[in-house]
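*Asks:* The primary structure of each chain is shown beneath.
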Amino acid sequence: MSREKIVSAIRANQPELTALPDVEPLKAYANKENLLAQFTTIATNIGAKVCEVKNIDEVKTAIQNNFGEGKRIVSTLSELSDIADTKEYLKNLPVELADVELAILRSDLAVAENGGIWITEDQMGQRVLPFITQHLAVIVDAKNIVPTMHDAYSSIGITTQGFGAFIAGPSKTADIEQSLVIGAHGPRSMSLFLLSED
Amino acid sequence: MSTMSTKNHAELAGQFNADEQRVDWHDETLWWIRQKRDKAVNQFPEWELLRETGSKIKEHTLSNLANYLEAFEANALANGITVHWAADAKEHNEIVHRIIKRHGVNRMVKSKSMLTEECHLNEYLAENGIEVIDSDLGERIVQLAKEPPSHIVLPCIHKKKEEIGDLFHEHLGTPAGVSDPQILAETARQHLREVFLTRKIALTGVNFAIAETGEFIVCTNEGNADMGAHLSEVHIASMGIEKIIPKREHLGVFLRLLTRSATGQPITTYSSHYKKPRPGQEMHIVIVDNGRSVQLSRKDFRNSLKCIRCGACMNTCPVYRRSGGHSYHNAISGPIGSILAPNLDMEKYADLPFASTLCGSCSNVCPVKIDIHDQLYKWRQVIVKAGYTTKTKSAGMKMMNWTLSSPSIYHVAGKAGRIVMKYAPFAVNNSLNPWYKQRDMPKPPAESFDEWYKKNRGKK
Chain A
126 MSREKIVSAI
136 RANQPELTAL
146 PDVEPLKAYA
156 NKENLLAQFT
166 TIATNIGAKV
176 CEVKNIDEVK
186 TAIQNNFGEG
196 KRIVSTLSEL
206 SDIADTKEYL
216 KNLPVELADV
226 ELAILRSDLA
236 VAENGGIWIT
246 EDQMGQRVLP
256 FITQHLAVIV
266 DAKNIVPTMH
276 DAYSSIGITT
286 QGFGAFIAGP
296 SKTADIEQSL
306 VIGAHGPRSM
316 SLFLLSED
Chain B
3 MSTMSTKNHA
13 ELAGQFNADE
23 QRVDWHDETL
33 WWIRQKRDKA
43 VNQFPEWELL
53 RETGSKIKEH
63 TLSNLANYLE
73 AFEANALANG
83 ITVHWAADAK
93 EHNEIVHRII
103 KRHGVNRMVK
113 SKSMLTEECH
123 LNEYLAENGI
133 EVIDSDLGER
143 IVQLAKEPPS
153 HIVLPCIHKK
163 KEEIGDLFHE
173 HLGTPAGVSD
183 PQILAETARQ
193 HLREVFLTRK
203 IALTGVNFAI
213 AETGEFIVCT
223 NEGNADMGAH
233 LSEVHIASMG
243 IEKIIPKREH
253 LGVFLRLLTR
263 SATGQPITTY
273 SSHYKKPRPG
283 QEMHIVIVDN
293 GRSVQLSRKD
303 FRNSLKCIRC
313 GACMNTCPVY
323 RRSGGHSYHN
333 AISGPIGSIL
343 APNLDMEKYA
353 DLPFASTLCG
363 SCSNVCPVKI
373 DIHDQLYKWR
383 QVIVKAGYTT
393 KTKSAGMKMM
403 NWTLSSPSIY
413 HVAGKAGRIV
423 MKYAPFAVNN
433 SLNPWYKQRD
443 MPKPPAESFD
453 EWYKKNRGKK
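Line by line, the protein sequences are chains A and B. Anchor point for the first sequence: position 173 equals 298 in this note's numbering, and the numbering is continuous, going up by one each time. Anchor point for the second sequence: position 20 equals 22 in this note's numbering, and the numbering is continuous, going up by one each time.
Bear in mind the hints are in silico, worked out from the structure with no lab data behind them. Treat the hints with caution; some may be incorrect.
As the list claims (entries may be wrong) - Each computed DSS-like pair below joins lysine-lysine, with the alpha-carbon atoms no more than 25 Å apart:
no.: 1; chain 1: A; residue 1: Lys157; chain 2: A; residue 2: Lys130
no.: 2; chain 1: B; residue 1: Lys350; chain 2: B; residue 2: Lys148
no.: 3; chain 1: A; residue 1: Lys212; chain 2: B; residue 2: Lys278
no.: 4; chain 1: B; residue 1: Lys41; chain 2: B; residue 2: Lys278
no.: 5; chain 1: B; residue 1: Lys278; chain 2: A; residue 2: Lys216
no.: 6; chain 1: B; residue 1: Lys202; chain 2: B; residue 2: Lys103
no.: 7; chain 1: A; residue 1: Lys152; chain 2: B; residue 2: Lys308
no.: 8; chain 1: B; residue 1: Lys148; chain 2: B; residue 2: Lys162
no.: 9; chain 1: B; residue 1: Lys92; chain 2: B; residue 2: Lys103
no.: 10; chain 1: A; residue 1: Lys130; chain 2: B; residue 2: Lys92
no.: 11; chain 1: B; residue 1: Lys457; chain 2: B; residue 2: Lys445
no.: 12; chain 1: B; residue 1: Lys41; chain 2: A; residue 2: Lys157
no.: 13; chain 1: B; residue 1: Lys350; chain 2: B; residue 2: Lys9
no.: 14; chain 1: A; residue 1: Lys152; chain 2: B; residue 2: Lys58
no.: 15; chain 1: B; residue 1: Lys301; chain 2: A; residue 2: Lys130
no.: 16; chain 1: B; residue 1: Lys371; chain 2: B; residue 2: Lys249
no.: 17; chain 1: B; residue 1: Lys308; chain 2: A; residue 2: Lys130
no.: 18; chain 1: B; residue 1: Lys308; chain 2: B; residue 2: Lys350
no.: 19; chain 1: B; residue 1: Lys249; chain 2: B; residue 2: Lys278
no.: 20; chain 1: A; residue 1: Lys174; chain 2: B; residue 2: Lys41
no.: 21; chain 1: B; residue 1: Lys395; chain 2: B; residue 2: Lys350
no.: 22; chain 1: A; residue 1: Lys174; chain 2: A; residue 2: Lys196
no.: 23; chain 1: B; residue 1: Lys249; chain 2: A; residue 2: Lys152
no.: 24; chain 1: A; residue 1: Lys216; chain 2: B; residue 2: Lys395
no.: 25; chain 1: A; residue 1: Lys216; chain 2: A; residue 2: Lys196
no.: 26; chain 1: A; residue 1: Lys152; chain 2: B; residue 2: Lys371
no.: 27; chain 1: A; residue 1: Lys216; chain 2: A; residue 2: Lys130
no.: 28; chain 1: A; residue 1: Lys152; chain 2: B; residue 2: Lys41
no.: 29; chain 1: B; residue 1: Lys308; chain 2: B; residue 2: Lys58
no.: 30; chain 1: B; residue 1: Lys38; chain 2: A; residue 2: Lys174
no.: 31; chain 1: B; residue 1: Lys350; chain 2: B; residue 2: Lys301
Claimed, not checked - Example chain B residues on the side facing chain A (calculated, C-beta under 10 Å, incomplete):
no.: 32; residue: Leu64
no.: 33; residue: Glu75
no.: 34; residue: Ala76
no.: 35; residue: Trp87
no.: 36; residue: Gly131
no.: 37; residue: Ile159
no.: 38; residue: Lys162
no.: 39; residue: Gln184
no.: 40; residue: Glu214
Just so you know, these numbers come straight off a predicted model, no measurement behind them. We put the beta carbon where it would ideally sit given N, CA and C, even for glycine.
Build the full structure now, drawing on both the sequences and the hints.
*Replies:* Given below as structure tokens:
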């Protein structure tokens with residue numbers, strides 16, 4: 126067994142124990158002013174479309190205006206059952222989601238410093254969904270925007286979910302001569318609906 | 003796939019330098035990425051504290067690595083992941099092969115993993131009749147070109163779009179002469195989507211592994227790791243022992259540092275946290291040593307294990323930018339590759355620590371504050387002492403040592419040098435002097451500083 130060999134070599138070779146630093150002091154530098162504007166600027170810079178909405182009906186209208194009939198739309202939000210499949214897709218194998226045009230998902234956390242949102246397995250319906258869909262729309266409460274990644278991890282803690290991801294904008298590549306191409310293997314677009322109840 | 007050459011860095015750099023325009027283009031492209039990094043990090047007054055915190059977390063982790071690895075393993079097992087340990091590249095490749103064989107398939111899709119490049123996994127599996135398709139666009143391009151990646155973050159940074167267009171025409175059926183990045187990337191998207199949908203087994207790398215939770219984090223912009231992993235029935239993740247960090251909250255530090263240092267992006271599009279297999283899916287982690295525990299024992303060099311593979315040291319390096327990644331003839335090129343490689347094979351990579359001007363730019367941009375240029379300097383001494391330098395370099399060093407160890411020999415040699423360069427410049431400006439290649443020798447001064455001082459100040 127290589128395990129014992131490796132672990133004992135490491136134990137023999139590792140240096141004297143040093144202290145683990147505290148990450149808390151980093152939070153003090155965060156810019157807490159106008160998080161919505163900060164988030165919107167960064168998310169737009171990385172290729173996402175940001176839209177402020179007052180309620181779910183405005184999301185529906187925006188989606189109906191942007192996505193035509195006849196395309197497969199799925200969602201984890203039961204209140205969208207009139208415009209999207211909110212149940213049947215859960216019975217599919219992951220590969221059977223290859224023809225999904227739009228997935229509408231919910232997130233409970235957005236990060237101002239990088240335009241990312243945190244989304245867990247439960248909020249994805251199926252793990253592959255936010256990646257395989259041609260277009261992705263995410264609804265997040267504007268009050269759930271935190272300044273930095275330090276605040277984000279304080280907020281999510283150690284979830285017991287099997288999978289979770291920060292998603293920041295549509296998929297992209299710049300591997301060919303550093304030219305930015307949106308729509309690599311994941312979604313070709315990402316729409317962010319920031320919900321503000323007034 | 004990667005054709006390891008027996009040529010050294012200077013010879014390979016010479017080949018790259020044959021096309022001067024390409025060198026300029028390569029140099030400018032990488033410097034532009036370095037500037038994007040500067041712009042991104044200068045927005046944060048806490049950047050230096052972030053680097054310091056990242057550096058100290060890694061230092062602490064290395065000082066308690068055995069315990070953290072054991073904790074990670076216990077938590078991963080509790081999460082339903084199968085954990086394997088590989089002492090070296092061979093064992094890693096055999097473990098991966100066994101998993102594939104057990105499922106009775108002969109093909110696999112793989113996202114970016116520099117560790118599998120280091121282990122030459124693709125070649126090993128090909129010899130055993132298993133086809134591997136690399137799904138990162140840059141990696142797919144170099145795979146089609148039968149080349150290794152030339153940069154850890156930007157695998158085909160050395161290739162022009164016209165060359166990529168030719169490869170796509172030959173292998174993926176695009177019309178001849180098409181080199182528009184939009185069209186080429188769309189072609190790759192369609193080609194690889196078919197691959198993702200039909201492969202039962204996917205292998206990914208690991209950016210960070212969390213001891214406290216037993217989860218691992220994979221970062222991509224393209225979404226290729228997630229497409230492969232979530233569509234597969236079996237997900238294999240390969241990681242070096244140094245990928246461990248103690249707690250999930252430490253990701254806050256490293257995810258802030260990683261992409262800003264790499265390309266100036268605020269974060270990768272996807273930072274995926276894999277903790278448990280999907281119901282019905284198998285998930286494996288292969289923890290690989292391959293020389294890392296030996297590097298951990300080297301007091302002067304163990305800090306190299308703090309590396310988070312951002313590539314900032316390559317983008318900023320005046321030698322890398324002008325010699326290209328392939329000149330380092332190692333899976334990991336550039337300054338960081340040059341301090342990692344001699345640990346694996348001191349003789350084969352004896353040239354790499356010398357492929358540097360020791361300007362220190364690499365250490366200045368390193369997000370985890372690895373003293374890269376100091377380590378390059380220290381490796382030179384280790385390598386010379388171990389007798390792995392070339393005969394001409396050793397002879398030159400001996401002569402230099404003899405000249406500099408005595409003031410009178412130094413003065414005579416200096417005078418002789420000035421006379422030779424003044425009256426017989428051809429004696430040094432010739433092809434026997436590698437310094438003269440692409441440079442002119444400087445005009446010799448009329449007198450040494452010592453002579454000038456004696457004449458002008460010495461009388462007082």
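*Asks:* Now tell me, hint by hint, if it's right for this structure.
*Replies:* Hints and how they fare:
For a cut-off of 25 Å, the pair hint linking Lys157/A to Lys130/A is broken: about 49 Å separates their Cα positions. A C-alpha spacing of about 22 Å is found between Lys350/B and Lys148/B, which places the hinted pair at or below 25 Å, so the restraint holds. At most 25 Å may separate the alpha-carbon atoms for a hinted pair to count; Lys212/A and Lys278/B meet this at roughly 23 Å. The suggested pairing of Lys41/B with Lys278/B is violated, with an alpha-carbon distance near 38 Å, which exceeds 25 Å.
Distance restraint check for Lys278/B and Lys216/A: the Cα-Cα separation of roughly 20 Å lies within the 25 Å cut-off, and the hinted pair is therefore satisfied. The hinted pair formed by Lys202/B and Lys103/B meets the criterion: a straight-line CA distance of about 12 Å does not exceed 25 Å. For the suggested pair Lys152/A and Lys308/B, the alpha carbons sit about 23 Å apart, so the restraint of at most 25 Å is met. Proximity of Lys148/B to Lys162/B is assessed by CA-CA distance (about 16 Å); at most 25 Å being required, the pair is judged to hold.
For the suggested pair Lys92/B and Lys103/B, the alpha carbons sit about 16 Å apart, so the restraint of at most 25 Å is met. Between the alpha carbons of Lys130/A and Lys92/B the distance comes to roughly 15 Å, so the proposed pair stays at or under 25 Å and holds. For a cut-off of 25 Å, the pair hint linking Lys457/B to Lys445/B stands: about 21 Å separates their Cα positions. With a C-alpha separation of about 21 Å, the suggested pair Lys41/B and Lys157/A falls inside the 25 Å cut-off, and the hint holds.
Restraint check: the Cα-Cα separation between Lys350/B and Lys9/B comes to about 10 Å, which is no more than 25 Å; the hinted pair holds. Using a Cα cut-off of 25 Å, the hinted pair Lys152/A and Lys58/B holds, with the two alpha carbons roughly 17 Å apart. A threshold of 25 Å between alpha carbons decides the hint, and for Lys301/B with Lys130/A the separation of about 21 Å falls inside it, so the pair holds. Annotation: proposed proximity of Lys371/B to Lys249/B holds, straight-line Cα distance about 20 Å (limit 25 Å).
Our distance criterion of 25 Å between C-alpha atoms is met by Lys308/B and Lys130/A, whose separation comes to about 22 Å. Distance restraint check for Lys308/B and Lys350/B: the Cα-Cα separation of roughly 23 Å lies within the 25 Å cut-off, and the hinted pair is therefore satisfied. For a cut-off of 25 Å, the pair hint linking Lys249/B to Lys278/B stands: about 17 Å separates their Cα positions. Taken as a hint, the Lys174/A and Lys41/B pair is honoured in the structure, with Cα atoms around 23 Å apart against an allowance of 25 Å.
The hinted pair formed by Lys395/B and Lys350/B meets the criterion: a straight-line CA distance of about 16 Å does not exceed 25 Å. A threshold of 25 Å between alpha carbons decides the hint, and for Lys174/A with Lys196/A the separation of about 20 Å falls inside it, so the pair holds. With a C-alpha separation of about 17 Å, the suggested pair Lys249/B and Lys152/A falls inside the 25 Å cut-off, and the hint holds. Among the hinted pairs, Lys216/A with Lys395/B is inconsistent with the structure: their alpha-carbon atoms are about 68 Å apart, more than 25 Å.
Of the pairs offered as hints, the one joining Lys216/A and Lys196/A holds, with about 19 Å between alpha carbons and a cut-off of 25 Å not exceeded. Among the hinted pairs, Lys152/A with Lys371/B is consistent with the structure: their alpha-carbon atoms are about 21 Å apart, no more than 25 Å. The hinted pair formed by Lys216/A and Lys130/A fails the criterion: a straight-line CA distance of about 45 Å is larger than 25 Å. Of the pairs offered as hints, the one joining Lys152/A and Lys41/B holds, with about 21 Å between alpha carbons and a cut-off of 25 Å not exceeded.
For a cut-off of 25 Å, the pair hint linking Lys308/B to Lys58/B stands: about 9 Å separates their Cα positions. At roughly 23 Å between alpha-carbon atoms, Lys38/B and Lys174/A fall within 25 Å of each other, so this suggested pair holds. Of the pairs offered as hints, the one joining Lys350/B and Lys301/B holds, with about 22 Å between alpha carbons and a cut-off of 25 Å not exceeded. Because the smallest distance between the Cβ of Leu64/B and any Cβ of chain A comes to about 6 Å, under 10 Å, the interface hint for this residue holds.
Taking 10 Å as the C-beta cut-off, the interface hint given for Glu75/B holds, the closest approach to chain A being about 8 Å. Checking Ala76/B against chain A by beta carbon gives a least distance of about 12 Å; that is not within 10 Å, so the hint is violated. The criterion of a C-beta within 10 Å of any C-beta in chain A is met by Trp87/B, whose closest approach is roughly 4 Å, and the hint holds. A distance limit of 10 Å between C-beta atoms decides the matter here; for Gly131/B the minimum to chain A is near 25 Å, and the interface restraint is violated.
Given the 10 Å rule on beta carbons, the hint for Ile159/B holds: about 8 Å separates it from the nearest Cβ of chain A. Restraint check, Lys162/B versus chain A: the minimum CB separation of about 7 Å is within 10 Å; hint holds. The beta carbon of Gln184/B comes within 6 Å of a beta carbon in chain A, closer than 10 Å, and the hint placing it at the interface holds. With 10 Å as the threshold, the beta carbon of Glu214/B comes within range of chain A, its nearest partner Cβ sitting at about 7 Å, so the hint holds.
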